[in-house]
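Asks: Residue-level listing of the chains:
Protein chains: 2
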Amino acid sequence: MSKQELEVPGQDADCCSGVSEAPLDEERAAELAKVFKALGDPVRLRLLSMIASRGEGGETCVCEMTPAFDLSQPTISHHLKLLRQAGLIDCERRGTWVHYWVLPGALDKLAGFLTAPQTAGAAA
Amino acid sequence: MSKQELEVPGQDADCCSGVSEAPLDEERAAELAKVFKALGDPVRLRLLSMIASRGEGGETCVCEMTPAFDLSQPTISHHLKLLRQAGLIDCERRGTWVHYWVLPGALDKLAGFLTAPQTAGAAA
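These protein sequence lines are chains A and B, in that order.
If you read the first sequence in UniProt numbering, its first letter stands for residue 1, the second for the next number, and so on.
If you read the second sequence in UniProt numbering, its first letter stands for residue 1, the second for the next number, and so on.
Hints in this document: simulated from the structure, not taken from any laboratory.
Any given hint could be a false lead.
Note that identical chains are pooled: a pair holds if it fits in a single copy or bridges any two copies.
[Unchecked claim] Cross-link-like lysine-lysine pairs, in silico, DSSO-like; alpha carbons within 30 Å at most:
id	residue 1	residue 2
1	Lys37	Lys81
2	Lys109	Lys81
3	Lys37	Lys109
4	Lys34	Lys109
5	Lys81	Lys34
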């Protein structure tokens, strides 16, 4: 049986091959670089940690985040948009405010990419 | 031999508080953002994975990496410098070529930062 289904780019098997397992191909490198780039800014990292520290299923209103920064709300919203475009968070508007949460698995997937494979003493 | 003593900026206790545990303070966010920014480029990610996939204790000569890219060697060296400045890799010149390796623990530390704490069903 040749499982020739459509090749979803960031799918399971693919998602889990780590940085230490084999040289990355260009396509996957481009995909992952986008996510790391989104994390490569102190404001975005702080926003992400504010949202993530609410725990699974938790949400954070943009109105709770803005006061922690010396930045305008449009600037904060822009940073949040970049995190969203990177597939790290999602949001929903309810009334005046937009509420954000971390996409389940997004951070674990990235962490899995960075983690060295647990092969006990592979060298000979 | 200039194996610069690694001056680990965010030492132990600090190193392990994850993105999901508490909102990041500005200083740590700035520090981590620098590392993620270094990873936020496809060429650097590919270089890092070339080096990392040699495994612990493994090294990669810059001369082995350059042919995989359509880039000049100074450009490759510049990308490698950014990875080094981010504390992810280190290098040593031997004769004509510079050899690179991943700094032990650097990737695991980052992965640890991204990983959700393993608190079994914390909510009530």
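Asks: A separate judgement is required for each hint: does it hold in the structure or not?
Replies: Here's how the hints hold up against the structure:
1. Taking identical chains as interchangeable, the C-alpha atoms of lysine 37 and lysine 81 lie at most 30 Å apart whether they share a chain (13 Å) or sit on different chains (17 Å).
2. Taking identical chains as interchangeable, the C-alpha atoms of lysine 109 and lysine 81 lie at most 30 Å apart whether they share a chain (20 Å) or sit on different chains (27 Å).
3. Taking the closest pair of Cα atoms, lysine 37 and lysine 109 come within 30 Å of each other both inside a single copy (16 Å) and across two copies (18 Å).
4. Taking the closest pair of Cα atoms, lysine 34 and lysine 109 come within 30 Å of each other both inside a single copy (14 Å) and across two copies (20 Å).
5. When the C-alpha separation of lysine 81 and lysine 34 is checked against a cutoff of 30 Å, the pair qualifies both within a copy, at 13 Å, and between copies, at 20 Å.
In the structure shown, no violation is registered for any of the earlier numbered hints.
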